[in-house]
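In order, the protein sequences belong to chains A and B.
Positions 1 to 569 (full-length UniProt numbering) are the ones given, in order, by the first sequence.
Positions 1 to 190 (full-length UniProt numbering) are the ones given, in order, by the second sequence.
Hints are supplied without guarantee of correctness; some may be wrong.
FRET-style restraints, in silico, Cβ to Cβ [stated by the list, open to error]:
#: 1; chain 1: B; residue 1: I167; chain 2: A; residue 2: D349; range: 48 to 54 Å
#: 2; chain 1: A; residue 1: R318; chain 2: B; residue 2: K187; range: 30 to 36 Å
#: 3; chain 1: A; residue 1: E169; chain 2: B; residue 2: I167; range: 24 to 30 Å
#: 4; chain 1: B; residue 1: R2; chain 2: A; residue 2: G539; range: 39 to 45 Å
Cut-off 25 Å, straight-line C-alpha distance, at most; resulting in silico cross-link-like pairs (DMTMM-like, lysine to aspartate or glutamate) [what the hints assert, rightly or not]:
#: 5; chain 1: A; residue 1: K509; chain 2: B; residue 2: E175
#: 6; chain 1: A; residue 1: K538; chain 2: B; residue 2: E131
#: 7; chain 1: A; residue 1: K266; chain 2: A; residue 2: D222
#: 8; chain 1: B; residue 1: K168; chain 2: A; residue 2: E169
#: 9; chain 1: A; residue 1: K538; chain 2: B; residue 2: E108
#: 10; chain 1: A; residue 1: K509; chain 2: B; residue 2: E131
#: 11; chain 1: B; residue 1: K135; chain 2: A; residue 2: E537
#: 12; chain 1: A; residue 1: K507; chain 2: A; residue 2: E32
#: 13; chain 1: A; residue 1: K538; chain 2: B; residue 2: D138
#: 14; chain 1: A; residue 1: K317; chain 2: B; residue 2: E119
#: 15; chain 1: B; residue 1: K174; chain 2: A; residue 2: E32
#: 16; chain 1: A; residue 1: K509; chain 2: B; residue 2: D138
#: 17; chain 1: B; residue 1: K180; chain 2: A; residue 2: E547
#: 18; chain 1: B; residue 1: K174; chain 2: A; residue 2: E547
#: 19; chain 1: A; residue 1: K507; chain 2: B; residue 2: E175
#: 20; chain 1: A; residue 1: K507; chain 2: B; residue 2: E177
#: 21; chain 1: A; residue 1: K316; chain 2: B; residue 2: E57
#: 22; chain 1: A; residue 1: K507; chain 2: B; residue 2: D138
#: 23; chain 1: A; residue 1: K538; chain 2: B; residue 2: D112
#: 24; chain 1: B; residue 1: K174; chain 2: A; residue 2: E36
Keep in mind that the hints were calculated from the coordinates and are not lab data.
Backbone N, C-alpha and C fix where the C-beta goes; we use that ideal spot for every residue, glycine too.
For reference, the chains in residue letters:
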Amino acid sequence: MLGNQAFARGAYEGGVEVAAGYPGTPSTEILEFLSEYREVHSRWCPNEKVAFEVAAGAAIGGKRALATMKHVGLNVASDALMTLAYTGVNAGFVCIVADDPGMHSSQNEQDSRNYAFFAKVPCLEPSSSAEALEFARLAFEISEEFDTPVLIRSTTRISHSRGVVIPGERKTIPVRPYAKCAPKYVMIPAYARSRRRELERRMERLRQWVEETPLNRMELRDPSIGVITGGVLYSYLREVAPSVSVLKLGVSHPLPLEKIRKFSQKVEKLLVLEELDPIWEREIKAAGITVTGREIFPGIGEITPDIIVEALFPEKKRDYVTFDERLLPRPPVLCAGCPHRGVFKVLKDLGATVCGDIGCYTLGTLPPLSAMDTCICMGASISVAEGIKRAHPELPVVAVIGDSTFVHNGIPPLIDAVYNKTPIVVLILDNGTTAMTGGQEHPATGKTLSGEETVRLDFLALGKAIGVPRVEKINAYHLERLKNALHEAFEAPHPTLLVAEGLCQLKKKIRNSPLAIEDMYCLLCGLCASIGCPAIEKGETIRIAFERCAGCRVCATLCPFGAIEEVNA
Amino acid sequence: MRGSIVLCGVGGMGILRASEIIAEVLLQKGLMVCQSEVHGMAQRGGSVVTYLRFGEEAYAPLLQRGEADFMIAFEQMEALRYIAYLKIGGTIILNPLSLYPPGTSAAEYPQDIPSLLEETGFTLITVPATEMSLKLGDVRFTNTFLLGAFSAVFPIQEEKLWEQAIIKVFRGKKEEENLKAFREGRKTVQ
Chain A
1 MLGNQAFARG
11 AYEGGVEVAA
21 GYPGTPSTEI
31 LEFLSEYREV
41 HSRWCPNEKV
51 AFEVAAGAAI
61 GGKRALATMK
71 HVGLNVASDA
81 LMTLAYTGVN
91 AGFVCIVADD
101 PGMHSSQNEQ
111 DSRNYAFFAK
121 VPCLEPSSSA
131 EALEFARLAF
141 EISEEFDTPV
151 LIRSTTRISH
161 SRGVVIPGER
171 KTIPVRPYAK
181 CAPKYVMIPA
191 YARSRRRELE
201 RRMERLRQWV
211 EETPLNRMEL
221 RDPSIGVITG
231 GVLYSYLREV
241 APSVSVLKLG
251 VSHPLPLEKI
261 RKFSQKVEKL
271 LVLEELDPIW
281 EREIKAAGIT
291 VTGREIFPGI
301 GEITPDIIVE
311 ALFPEKKRDY
321 VTFDERLLPR
331 PPVLCAGCPH
341 RGVFKVLKDL
351 GATVCGDIGC
361 YTLGTLPPLS
371 AMDTCICMGA
381 SISVAEGIKR
391 AHPELPVVAV
401 IGDSTFVHNG
411 IPPLIDAVYN
421 KTPIVVLILD
431 NGTTAMTGGQ
441 EHPATGKTLS
451 GEETVRLDFL
461 ALGKAIGVPR
471 VEKINAYHLE
481 RLKNALHEAF
491 EAPHPTLLVA
501 EGLCQLKKKI
511 RNSPLAIEDM
521 YCLLCGLCAS
531 IGCPAIEKGE
541 TIRIAFERCA
551 GCRVCATLCP
561 FGAIEEVNA
Chain B
1 MRGSIVLCGV
11 GGMGILRASE
21 IIAEVLLQKG
31 LMVCQSEVHG
41 MAQRGGSVVT
51 YLRFGEEAYA
61 PLLQRGEADF
71 MIAFEQMEAL
81 RYIAYLKIGG
91 TIILNPLSLY
101 PPGTSAAEYP
111 QDIPSLLEET
121 GFTLITVPAT
131 EMSLKLGDVR
141 FTNTFLLGAF
151 SAVFPIQEEK
161 LWEQAIIKVF
171 RGKKEEENLK
181 AFREGRKTVQ
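Work the whole structure out from these sequences, hints included.
See below:
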């Protein structure tokens with residue numbers, strides 16, 4: 001099973017009834033797999049904060065609940081997490097958060113264990129698909145026993161690895177009674193103060209529990225080296241150095257400091273192996289135990305088996321060859337036929353200052369399109385554009401944002417632009433799906449996670465409702481119309497909302513006839529290749545790869561010589 | 001039996017699917033398998049790699065450099081990119097396809113990759129999978145075609161087992177066509 005599938009299975013077996021999330025690599029598949037179990041109400045939410053709170057409400061109401069997200073999603077949900085830690089949960093509440101060390105598909109790498117420390121909630125860290133299942137199941141029990149939200153920290157290599165898993169039965173958990181209890185669930189200062197003390201008492205109980213739980217286990221082998229580790233790094237270590245002694249931490253917060261002290265006395269040299277931040281190392285050192293960590297293991301990027309071998313047993317390094325100097329980079333690109341490739345070409349030609357957002361279209365940053373100036377986090381395109389416009393009113397500033405991202409966090413900044421009368425252009429690149437994560441539904445697609453028809457959010461009506469003076473929908477392939485609309489918007493003294501519509505090529509089933517270049521008319525100007533379409537190959541001549549071309553005709557509209565035509569024309 | 005495999009190529013070529021099929025075959029043989037893949041960029045023409053480890057015990061989904069016994073390369077330059085993971089003298093199933101990254105030209109693309117790999121001491125099996133699967137009617141059979149060739153040199157060769165795995169993973173999508181591509185691929189090596 002894929003790690004994410006195992007998380008879903010574990011939550012299912014653990015009796016989860018309500019599950020909510022927002023897609024984000026590498027966490028997305030957890031909810032997708034969970035939605036296959038009809039007993040569980042699974043849903044995509046507009047963003048992670050909403051998802052977290054829906055799940056929290058279900059737990060307070062008495063049903064076991066799960067929230068899933070990626071690390072940057074927990075930033076969005078962190079407001080709720082910090083206070084849910086005070087109130088406690090009634091029925092089990094688990095949040096699975098997937099970190100992305102090495103940033104395979106993220107804008108930063110952050111260590112979600114920090115949130116467990118920050119919010120004072122327990123955090124579990126599985127080492128394999130089998131443990132992903134087991135920990136997800138157990139987490140609900142831990143949550144109920146201690147009346148606390150529980151975090152499970154996954155990483156890319158856990159979520160997106162496959163391993164052998166033995167599924168079990170689903171536990172049917174009766175709905176817990178719900179009784180009104182404002183002092184527990186209403187965090188006005190007077191009540192919060194008493195919950196604050198309860199939080200510390202709970203932490204004290206958790207500190208005792210982590211010393212005993214079998215989730216933290218000592219594996220004593222060769223006593224010359226002892227390594228404290230957890231998560232996927234435990235698996236790497238077992239593979240590359242099966243003889244070393246290990247203290248495997250299944251619970252990464254709070255730390256079992258007594259157990260660590262005992263382990264340190266049984267080994268000659270104590271190391272701590274953790275990915276991203278030296279959280280354990282700091283705590284262990286603060287407890288007066290001598291330990292080595294960051295001095296030999298890096299804190300930037302993903303830790304690989306090679307890094308562990310080089311740090312511990314350089315003599316065990318294997319021979320290998322590389323031809324790196326001959327390689328060309330192959331970054332991901334917008335798909336052939338992507339409706340929004342042409343949009344970037346237009347923005348670049350117009351010399352617009354483009355504030356981007358999170359999604360496939362962030363790829364518009366890379367050459368040859370090179371049409372994006374900023375990209376920070378979900379929704380920031382619009383608010384950053386506002387800021388830039390305030391700094392430089394003379395610039396034509398455009399915020400580009402995907403449909404799913406706009407729903408996620410783009411609406412409040414658009415309201416802000418209207419309210420504060422900032423004359424920016426907000427351009428929604430609407431491809432009818434959440435494309436980057438593999439095509440999930442969202443409130444503007446008109447379908448739920450389970451495929452049910454639902455009310456469809458209308459961007460133009462929304463724009464009008466919040467008072468945008470000019471809203472317009474444009475076919476994303478009609479570059480001339482888009483150009484004119486942008487020109488007009490740049491002149492306007494108010495914000496403008498444009499919706500460029502064109503379905504995601506990964507979802508679209510119908511393809512147009514592919515195009516070809518008539519060599520006779522082609523003067524090799526390279527204009528068609530300037531849009532970075534993967535179907536256009538530049539060798540001694542320029543050709544269009546028949547099998548990759550989606551027939552979107554963007555290149556044909558760019559060709560000044562009319563050399564690009566449909567194959568069967 | 002214990003070993004590891006690296007699969008590499010370009011996003012959208014069916015690499016994740018192919019490694020899922022191999023994992024299924026290994027599981028049917030009662031072996032432990034772990035496999036690592038990277039999503040997100042997978043369908044957008046970026047460089048894609050997956051690692052598979054199998055044996056009576058298998059813990060880590062990532063390999064060490066110089067560890068893999070086999071490489072299945074869906075594209076030539078991607079073979080060069082991940083060759084560090086293949087042990088010296090390991091076996092490569094190579095699809096001799098050159099996909100130029102957008103904006104680059106044939107002149108910049110590394111030349112003579114097959115001979116370069118062979119001279120370095122790897123065992124090279126060249127399988128024109130993309131070319132052949134186009135003849136079979138769809139470029140998307142490249143992965144099953146390559147798996148056919150791989151199944152003839154991998155220690156687990158039982159045709160039935162492979163075909164069952166293909167059926168299971170494709171769940172009825174172009175099942176007959178994929179099985180045909182698999183058999184044709186197998187013939188190129190046998």
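To see whether the hints hold, each was checked on the structure:
1. B:I167 to A:D349: 48 to 54 Å: 50 Å, holds
2. A:R318 to B:K187: 30 to 36 Å: The hint (30 to 36 Å, Cβ to Cβ) holds, given that R318 of chain A and K187 of chain B are roughly 34 Å apart.
3. A:E169 to B:I167: 24 to 30 Å: With a Cβ separation near 28 Å, E169 of chain A and I167 of chain B satisfy 24 to 30 Å, so the hint holds.
4. B:R2 to A:G539: 39 to 45 Å: 44 Å, holds
5. A:K509 to B:E175: 19 Å, holds
6. A:K538 to B:E131: The given pair, whose Cα atoms are some 20 Å apart, holds under the 25 Å limit.
7. A:K266 to A:D222: Since the Cα atoms of K266 of chain A and D222 of chain A sit roughly 10 Å apart, the hinted pair holds (cutoff 25 Å).
8. B:K168 to A:E169: 23 Å, holds
9. A:K538 to B:E108: 11 Å, holds
10. A:K509 to B:E131: This hinted pair holds, its Cα atoms lying about 24 Å apart.
11. B:K135 to A:E537: Measuring from Cα to Cα gives roughly 21 Å; hence the hint holds.
12. A:K507 to A:E32: 16 Å, holds
13. A:K538 to B:D138: With a Cα-Cα distance of about 24 Å, the restraint between K538 of chain A and D138 of chain B holds, given a limit of 25 Å.
14. A:K317 to B:E119: Holds. K317 of chain A to E119 of chain B sits at ~23 Å (cutoff 25 Å).
15. B:K174 to A:E32: Holds, because 23 Å separates the two Cα atoms, which is no more than 25 Å.
16. A:K509 to B:D138: Holds, at about 15 Å.
17. B:K180 to A:E547: OK: K180 of chain B and E547 of chain A at ~20 Å, within 25 Å.
18. B:K174 to A:E547: The hint holds at about 18 Å.
19. A:K507 to B:E175: The hint holds at about 21 Å.
20. A:K507 to B:E177: 22 Å, holds
21. A:K316 to B:E57: Holds, because 20 Å separates the two Cα atoms, which is no more than 25 Å.
22. A:K507 to B:D138: 19 Å, holds
23. A:K538 to B:D112: Within the cut-off at roughly 19 Å; holds.
24. B:K174 to A:E36: Holds: K174 of chain B and E36 of chain A sit about 23 Å apart, inside 25 Å.
The structure meets every hint from the earlier list without exception.
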